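Given chain A's structure and the hints, the job is docking chain B onto it.
Those protein sequences? They're chains A and B, same order as listed. FYI, our numbering numbers position 109 of the first sequence as 109, with every residue one higher than the one before it. FYI, our numbering numbers position 53 of the second sequence as 53, with every residue one higher than the one before it.
Simulated from the structure, these hints should not be mistaken for lab results. The structure presented is a predicted model; accordingly, all values stated were derived computationally and were not measured. Where a beta carbon is used, it is the ideal one built from N, C-alpha and C, also for glycine. There's no promise every hint is true.
As the list claims (entries may be wrong) - Which residues of chain A face chain B? A partial, calculated answer using Cβ under 7 Å: (1) PHE92; (2) PHE102; (3) VAL117.
Claimed, not checked - Residues of chain B clear of chain A, computed beta-carbon distances all greater than 10 Å: (4) TYR53; (5) ARG111; (6) VAL205.
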Amino acid sequence: MHKSKTMHELSIVMGILEIARKEAAMAGAASIDEIELDIGALSTVDMDAFDFAWNQGVKGTLLAGAQRKVNRIEGRARCMDCNIEFSIREIFEPCPACGEHFIDIVKGKELRVKSLVVEEGLAH
Amino acid sequence: MCATCGCSSDSHTHDHSHDHGHDHGHDHPKTIVQVEQDVLHQNNLLAQRNRGYFEAKNILALNLVSSPGSGKTSLLERTLTDLKEELRFAVIEGDQRTTRDADRIHATGTRVTQINTGKGCHLDAHMVLHALQGMKPPGNSVLFIENVGNLVCPSMFDLGEAERVVIISVTEGDDKPLKYPDMFSSSTLCIINKTDLLPYVPFSVQDCKNHIHQVKPGMPIIELSCTSGEGLSEWYQWLKSKVLVAEEA
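With the rest of the complex left out, here is chain A (with noise of 0.2 Å):
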C-alpha cells in the first residue's frame, strides 16, 4: 500500500542498484543470481512501497532476475538512564522498566547491501 508514487524507498532501489553494479563490475561479474539486503525495523522503509520500486527500479538492470534476500532486522534499544536493552516497534518508545524516553537505538536503523552471490563472466 504505498500512498504517493513519489517515494523515497525508489531511491533506495537505485541506491542498491548502484552499489551492486559497481560490485558486480569489481568482481569481473557476468550476471547477478542474488542480492542480501538488511533493512531494519526502524529504517524507514515501507516494504510494500520498497517491493513496488524494486520491481519498477530493477527493469532492464543486472538485478532483474536476481533473487533477493532482505533480512528484517528487529528495533532494539539501550535506556541510557538504566542501560537495559529492550525491542523497540516505534523509535520513540520509553524504556519498558523507568519509562523514560532518552534511549539508543542499538539495532534495527540497518539500510545496507550485505552480499551479492554473481556469475563471473569472461574478461572482457
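Below, chain B without anything else, positioned relative to chain A:
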C-alpha cells in the same frame, strides 16, 4: 556522466553483448561477494563533501523540513527581511515543480536557487552539491535549504547541513511528532508556527511539546507566528547563536 561526483545516469550493462551470432555456452562459476555497504553511503559521502565546503567558507547551512503548508517559505521571507542588515543570506528552494517559492525569496533581495525535483519527494546531497556549484553562495553567510514539503522521505537524506529545523504549524495535529518520528528525531530544532491561530484550532501546545520530547528528549522548541511576529525574536536569537558557533569553529 557528472564530472564532479562521478554520478552516472547512463544504464550501461555488463552482460554479454556480442555483435557476432553465437552464445557463450560456458559455465560461469558462482562467487559470493561480501558487500556490507550502506545504501545511503553515496549520499552520505556527498553530504560530507558539502559539509566540508560549508565549513571552509564559514557558511551556516540549515535544512528546513516540514509538511507542505507549514510556513517554511513565510518564515524565510520574514527572517530574510528582518535580518538583512545583520546577516548575509542565500537560499536553496526545493519543490517538485514551479519557481514560486524562489520568486518569493527573490523578492526579498536574497540570492536564491530553485531545485525542481520533478517526481522526487526529497532533496539529496547530490542535488544540493550541484545547486551550490551554480549559485556559489557567499562566505560568512547563512544558507537556508528549504526541503520539499514532506515529513517522511527528507529525514533519511543528509544534505551536509549543520542544523535541521523541523516546522510544525498549529493547524496540523499536535500528534504529528509521533506519526512522523524519524523527521523529528533527526532534527535539531523544532518550530511551532502559526501560534496566532491557536484560539481557533484544537491544538495543544503542551501535548505537542510532550510528543516532540518523547521522540527527541531535550530538543529546543520555539513557538512563533510569522503573521503577528510573536516569538520571532527567539528564533532570531537562536539563529545568531548558531552563526557565532560557526564563526568560532
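Hint by hint, here is what the structure shows:
With a least beta-carbon distance of about 4 Å to chain B, the hint placing PHE92 (chain A) at the interface is held under the 7 Å criterion. A distance limit of 7 Å between C-beta atoms decides the matter here; for PHE102 (chain A) the minimum to chain B is near 5 Å, and the interface restraint holds. A cut of 7 Å between beta carbons decides the hint on VAL117 (chain A): the least distance to chain B is about 5 Å, and the hint holds. With a least beta-carbon separation of about 22 Å from chain A, TYR53 (chain B) lies farther than 10 Å from that chain, consistent with its non-interface assignment.
With a least CB separation of 28 Å from chain A, ARG111 (chain B) remains clear of the 10 Å interface cut-off, as annotated. No Cβ of chain A approaches the Cβ of VAL205 (chain B) within 10 Å, the least distance being about 18 Å, so the stated non-interface status holds.
The structure shown violates none of the earlier numbered hints.
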